[in-house]
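These protein sequence lines map, in sequence, to chains V and Z. Under the working numbering, the letters of the first sequence match residues 1 to 509, in that order. Under the working numbering, the letters of the second sequence match residues 1 to 352, in that order.
Possibly wrong hints are sitting among the right ones.
Unchecked claim - Calculated cross-link-like contacts (lysine-lysine; reagent style DSS-like; alpha-carbon spacing at most 30 angstroms):
| id | chain 1 | residue 1 | chain 2 | residue 2 |
| --- | --- | --- | --- | --- |
| 1 | V | Lys464 | V | Lys145 |
| 2 | V | Lys164 | V | Lys75 |
| 3 | Z | Lys251 | V | Lys51 |
| 4 | V | Lys421 | V | Lys362 |
| 5 | V | Lys363 | V | Lys464 |
| 6 | V | Lys84 | Z | Lys292 |
| 7 | Z | Lys312 | V | Lys123 |
| 8 | V | Lys153 | Z | Lys312 |
| 9 | V | Lys112 | Z | Lys312 |
| 10 | V | Lys464 | V | Lys221 |
| 11 | V | Lys145 | V | Lys174 |
| 12 | Z | Lys296 | Z | Lys312 |
| 13 | V | Lys297 | V | Lys75 |
| 14 | V | Lys75 | V | Lys51 |
| 15 | V | Lys84 | Z | Lys343 |
| 16 | Z | Lys292 | V | Lys123 |
| 17 | V | Lys153 | V | Lys246 |
| 18 | V | Lys153 | Z | Lys292 |
| 19 | V | Lys60 | Z | Lys292 |
| 20 | V | Lys51 | Z | Lys292 |
| 21 | V | Lys84 | V | Lys123 |
| 22 | V | Lys51 | V | Lys112 |
| 23 | Z | Lys30 | V | Lys421 |
| 24 | V | Lys123 | V | Lys112 |
| 25 | V | Lys84 | Z | Lys296 |
| 26 | Z | Lys292 | Z | Lys343 |
| 27 | V | Lys246 | V | Lys164 |
| 28 | V | Lys297 | V | Lys174 |
| 29 | V | Lys421 | V | Lys284 |
| 30 | V | Lys112 | Z | Lys292 |
| 31 | Z | Lys30 | V | Lys409 |
| 32 | Z | Lys296 | V | Lys51 |
To be verified - Short, incomplete list of chain Z residues facing chain V, as computed with Cβ under 7 angstroms:
| id | residue |
| --- | --- |
| 33 | Pro20 |
| 34 | Pro210 |
| 35 | Glu307 |
| 36 | Leu316 |
| 37 | Pro318 |
What the hints assert, rightly or not - Far from chain Z, some chain V residues (derived; all Cβ distances over 12 angstroms):
| id | residue |
| --- | --- |
| 38 | Pro47 |
| 39 | Asn62 |
| 40 | Lys84 |
Rather than coming from a laboratory, the hints here were simulated on the basis of the structure. Positions of the beta carbon are idealized from the N, C-alpha and C atoms, including for glycine.
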Amino acid sequence: MNPFREDLVSRSRPEPCSIVIFGATGDLTHRKLIPALYNLAVDGELPTGVKIIGFARRHKTNEEFRSGLEELNRKLSRSGHDEKVWGSFIESVTYHASEFSDVEGYRSLARKLDEIDADRGGKGNRLFYIASAPEFFDEILVNLKQAGLNEAKLGCWARVIVEKPFGTDLATAKHLNQVVNETFQECDTYRIDHYLGKETAQNLMVLRFANSIFEPLWNSKYISHIQITCSENLGMEGGRGGYYEKSGALRDMVQNHLLQLLSLVAMEPPTDLTADGVRDEKVKVLRSLRQWDTSQKVAQNVVRAQYTAGHVDGIQVPGYREEDRVSPTSDTEAYVAVRLLIDTWRWSGVPFYIRMGKRLPKKSTEISVHFKDAPCVLFNAIAGGVPGGNVLVIRIQPDEGISLRMVSKIPGTSLRLEPVKMDFHYATSFGKSSPEAYERLLLDAIAGDATLFARRDEVEEAWKFIDHIEYAWHQSTTPPPMAEFVAGSWGPKEADELLHQDGNQWRRL
Amino acid sequence: MSNLIDNIPAVCPELGIEVPVSEIERELRKLWEQDEVHTNASLMNLVVYSEKPGALIANSEIIRELTAEHACRAILVGIDRNDPKPSLRAWITAHCHLADGRKSVCCEQIAFHLTGRVTGRFRNTVFAHMNSDLPLVFWWQGELSEILTERLVSVMDRLVIDSSSWTDPSASFEMLEESSQSNPDLIIQDHAWTRSWQFRVGIASLFDDPAAQEALPEISNIEITFHPAHRNTALQVLAWLAVQAGWKNRKSTDPVAFESSSGLAISVAMHVDPFAPPLSSLIIRAGNVIVKVRQKIGSAHVERQVETPAFKATSLSPIDPTSSADLVAIQLSRGGRNSLYQKILPRFREML
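In isolation and in its complexed conformation, chain Z is listed as follows (with noise of 0.2 angstroms):
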């Protein structure tokens, strides 16, 4: 596995030149000077740290992209701990983009990769290189591991995660918990959330409508089709309805079960699609008032849909983003303090 990256040359294409790590800021300060026309900009420290082999590279692509829009000094991490040899290798680089097809904006990127015992060394190397008075940003991706102290949580502003991508939800939850107590401050936003939110956004808006507001008691069926690999996204919606409208869980061994507070059962349909979006469709049926909100394979709009007697309603919305660069961009430009995730954890947790 440490093959791969002594591959990486000296100068790469993605990461930039290598330097030492002792240089790197001075390096950077070298990066700037060389051209005049160039804006620095940073609203952040982003890293983005990852355990996977071959990651430095994808992510670097990533930060391109992200930095079109979000301002940052990105450091990105790749760590080996297969490899029993201690290494720490850094490039520097800076992505450029035209700001209002005038001005060269540059976000600078730090790239490291560390192999062996590297839980004192990575903390300390991320520490030594952040934008003093910059909020940490800290995309963590794939599974946790022992590597996320409560140290360096006690440092995070945001952290990301994925949570569809854990093989063990429920632990990786606890131990997430556990890192996190000395920082109750820390913001944190799940993949598998940010997944949801039109659908989130749908339902809320259909049930504006007088007529759905006013079935809302009447909630006694929801159906929800989803992908295999986003059962958490699917499990979070649910938490949510529940949380929002006050359900209590049905006294039955299914935790996905629940009772309204006038002691109406609502049944839940989790469908599974293995060709679909990770959400496909969210059915809502509340007396004779019908809510969907769907997303067919391939379209570019989520439907939604109010139905009664009466009348029909359709609207179109954007479908939520797939790939990890636009999910982490859409958690950023919404910053906040993600209270309503906070609030359906708990309700997730037990579901899981």
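Chain V extracted, bound-state conformation (with noise of 0.2 angstroms):
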């Protein structure tokens, strides 16, 4: 025990430790994973002496390596390029080049390893970062084990981060969860999802329950229903349709981000704050989901679609269909509207929709939460009547902050009511910026707290979901029909249908 970590800063202790990225070459790497352990260099959080060992197929020399880093660290780092702490940083940065699929590369890595524990008599801590391409992924899990490279030393540990996609359905997901497993212990096991370590989606938690005002009304008795939306003024480009084709936005953005935020606005209150507190919670949110296990419910509850040519900001842009690297005859979702219902006590009736699409007008994710009505009876015989009820807003990105609309009488001699909002941005109200999602994440597993990682069953749970979806799509007999909409508008109008039929309507944002 280091007596001296003690009250000093109130995170887990971040231990020195050698970190291994597989795919170091890829743009992960170059564009997230340096710029943020750089950036915790910079910040004095990265523990001295940790070393960093890119691994991947491509020859290349460590200074080759080097430069390539250094290149996009310059354009891409938060807190700019400092060539002192890069100088310092980029030391302990080296290349070791083999094959994924080549046993000896594993081995001669285990040895580099050694040679930097042996240094620190005998001990050292390993972190393997997972950042290829998914298909690499199993057999760097068995080749990790067939070197030792999994098990910890005495008093030391062996961790793994894992990227997404896990999976592309239960049966794939529950197959690398297995070769995970059999590998690392689930405790040792980091599924990164990045939307997680984004500061609105960490203070949800702090929100909701350090905030006495909103738990008593946070379930089915005051609320009506709450959205989730994800929208991207882009579309395919950079060739981002190959990749796209095989995913959608379902499988892409829900299965994933969306389904966590959701877990962790319909979750209750963990019994403390450790990791495995907070995601038992959150995977009985994912268990309790109400299954749309036929395709005539996929067609009640789900809208897929895909966007024409049209006009984002300003510019003409194409359709789905016409993208780059996508078939003019797809058949993947770049929309996606769901209309979920938790089946618990807390949430019961209460339907939650979650959309996600490309080509929308701009980018923006939120989750805002819609209140039921005051009863009105006596505000409803005025002009105008009462218009809306109070609606809070969790920005997640771009403007991270928080809203609260409610009803307020209009200064003047009559009786009438409008909207106004409360409005805060974490950038106005902070100034200063926060660390990149990754920066945290990585932090978080050098420290071994697991709370901002999905864990396997919550992963499982939400391609459960998921999977109905794709099978009534893409493999029954009387598949819901994919509709259309103009990119730059806001989604088909299936998916305006699909909240009338509560009553409701998507927020405008």
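With the hints in hand, could you dock these two chains into one complex?
This is the structure we're talking about:
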């Protein structure tokens, strides 16, 4: 135990370790992981003596690898590029060339790690970050085990971070989880979902459970419905069409990010703030989702759509099927809207609506909690009536913050009501920028705090729900139709109708 | 001395426009009504108190910097107690900054100058102009005086001081203890303590290393180098090490001599360097492990190093700020109860 750590910072302790990144020549490593680790070093948060080893197939020298990292760090680092810090940081970065399938490459990696550990009296913690393309996940994990790298030395730890996608359906997710768990224990497995590293996502629990005014109202008695929206104005630029064709909006965003947000919004208060305390409650939400397990139920509760040519930000854009690397006969959804019901005491009868789409008018992710109208016996008769109910909006990105809409009297001699908004912006109130999600998540993994990572059962429960929809769309004999919307609009009319049936409408962002 | 403030014109670029005290709130409202593109933001009442001549204008500059990250209603107070004639003047202004390069976010500032016997008037003036429901952060600059009464302290949420600026820290801490008796929730933030943050984090992180951690019970020697004006910072760091590691005071006349729980004597060498930063070096020897945290003159980084016979690992961290504005900014960012400071305070006071 280190007594000097006590009371110093209110977070788990990041320990010195070696970090091995698989897929080290890829975009994620260059654009996110290395800038995140560098920024932790700038802030003095990265433990002294951390070693970073890039593992990839291409042959490169340490210098070539480092120079590629430096080039992008200069452009992308949140805190700029300080030569002195970079110089000290990059010394700890080395490159290890090997095929993912070559077990000998892992054995030589093990020897390299042992040499690093030998300096420390044989002790050394290890963090393996699998940032490669998903098709290599299996063999990387199997070979890690073959080389004995999954076993931590006495008094040390060996952890693995797995990037999304965690499978492409329930079967592949189960398979991946099985392979992961045959290699590492579940408590040493960190499935990263960068949405959970965002400041507002973390603030969700604080908002709900540290403020006494919200939780008493957070149930079916007072809440009419909840909407979770993730809109993107981008389409398939930069060759994204190839990847998107295989995933679609439902699997790319809803299965992971949006269902994670839903869990945080809908969960019961955890008994404590330990990783499992929180995740136990989150998974209960996913388990309680009513399953849309027939084509008919999917047709009634889910809308899928593709965009047609239109204008976004004043620029003409092609339709989905005309995008680069997208099939002209594609049946992949670029938009999805889902009505969900959570069969619990708290949420009985409260619909949750999730929508995600490409080529919508703007980029935004938010959760809006729509409260039931007050009994308007007093104000029903006045001109204009009561204009809408209370809405609590939690903005995840880009302008992180919280707002509350309520009704107020317009000043004057007559009684007229208008909605007004109380608005809290992180940027306005706190001024300083939040760390990138990857910084927080990497530090948590080094410190052994899995609260913001998805657990095996969460991933599988989410897939279970998604699989029924995918089945109805792609394998049933009566697949629900694919709707269309003009790029730059807020989605298809069918999605509007989904809410109209319940007497609700999408919030205008 | 009073002439100095009398020279401030009714419209002063740093302090804004002079307004009658009774009209402050109305004038502030007018200020906001002039321009609708501004957002008025406030997370706290920040009172900055100084008895130093000319401090009002200097503090207004500090508030301009601070409000870029810490939205607040700033209340600046300049007091001249040597002037027997009682007077009270007030100025209002707003400090605006672009948030995310888009929105202009502004914070209000009210500046007061008081002369004569001011204790009661000062307190009432401050209380009357605070934003309701927001916490009160009180930044007391310089020596404590009898104006720091129990009644004043009772409404504070956070009191910012710099014990390094006190000529008699022992007496001042006693005074602070007395005046804060009725406010057990008061959070005290001492610049002297904040100045050692990177050194403390550095030491803590170096002892995360397995080799250093194993050698922890063998700590036998500490060497600390500090600027002569920052002896309190050095003593606080030593108090922190002693309290956290559970060291007793050695039976000697030297209050800075320790003994580990297993009875091992721990020698402490304190070096003064008038050209160095507040803290420039902290070296701990434990068995065959040496842990060093150092800041060279003019360097933008603190160097952390752990050295064993088998290896040497070095990393860098940012330096602790030296300006008052930056120290306050950091203290406001960290928030929290500052319980560690409260924990080491008795041991530190023994060393004074």
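Results for each hint:
1. V:Lys464 - V:Lys145: 29 angstroms, holds
2. V:Lys164 - V:Lys75: 25 angstroms, holds
3. Z:Lys251 - V:Lys51: 44 angstroms, violated
4. V:Lys421 - V:Lys362: 21 angstroms, holds
5. V:Lys363 - V:Lys464: This hinted pair holds, its Cα atoms lying about 28 angstroms apart.
6. V:Lys84 - Z:Lys292: Judged against 30 angstroms, a Cα distance of about 19 angstroms means the pair holds.
7. Z:Lys312 - V:Lys123: Holds - the C-alpha atoms of Lys123 of chain V and Lys312 of chain Z are around 15 angstroms apart, at most 30 angstroms.
8. V:Lys153 - Z:Lys312: 22 angstroms, holds
9. V:Lys112 - Z:Lys312: 17 angstroms, holds
10. V:Lys464 - V:Lys221: It holds: about 29 angstroms lies between the C-alpha atoms, which stays within 30 angstroms.
11. V:Lys145 - V:Lys174: Roughly 19 angstroms between the alpha carbons, so the hint for Lys145 of chain V and Lys174 of chain V holds.
12. Z:Lys296 - Z:Lys312: 19 angstroms, holds
13. V:Lys297 - V:Lys75: Given that 30 angstroms is the threshold and the Cα spacing comes to 48 angstroms, the pair is violated.
14. V:Lys75 - V:Lys51: 23 angstroms, holds
15. V:Lys84 - Z:Lys343: 36 angstroms, violated
16. Z:Lys292 - V:Lys123: 21 angstroms, holds
17. V:Lys153 - V:Lys246: Violated - the C-alpha atoms of Lys246 of chain V and Lys153 of chain V are around 40 angstroms apart, more than 30 angstroms.
18. V:Lys153 - Z:Lys292: 28 angstroms, holds
19. V:Lys60 - Z:Lys292: 35 angstroms, violated
20. V:Lys51 - Z:Lys292: Judged against 30 angstroms, a Cα distance of about 20 angstroms means the pair holds.
21. V:Lys84 - V:Lys123: 29 angstroms, holds
22. V:Lys51 - V:Lys112: This hinted pair holds, its Cα atoms lying about 11 angstroms apart.
23. Z:Lys30 - V:Lys421: 22 angstroms, holds
24. V:Lys123 - V:Lys112: Distance of about 13 angstroms is within 30 angstroms: holds.
25. V:Lys84 - Z:Lys296: 14 angstroms, holds
26. Z:Lys292 - Z:Lys343: It holds: about 24 angstroms lies between the C-alpha atoms, which stays within 30 angstroms.
27. V:Lys246 - V:Lys164: 14 angstroms, holds
28. V:Lys297 - V:Lys174: The hint holds at about 25 angstroms.
29. V:Lys421 - V:Lys284: 33 angstroms, violated
30. V:Lys112 - Z:Lys292: 27 angstroms, holds
31. Z:Lys30 - V:Lys409: 23 angstroms, holds
32. Z:Lys296 - V:Lys51: 25 angstroms, holds
33. Pro20: Status violated, d = 27 angstroms.
34. Pro210: OK, holds: Pro210 of chain Z within 7 angstroms of chain V, min 4 angstroms.
35. Glu307: 11 angstroms, violated
36. Leu316: Result: holds, 5 angstroms to nearest chain V Cβ.
37. Pro318: 6 angstroms, holds
38. Pro47: Pro47 of chain V is in fact no farther than 12 angstroms from some Cβ atom of chain Z, at 6 angstroms.
39. Asn62: Its Cβ never comes within 12 angstroms of chain Z, the nearest being 18 angstroms, so this holds.
40. Lys84: Lys84 of chain V is in fact no farther than 12 angstroms from some Cβ atom of chain Z, at 6 angstroms.
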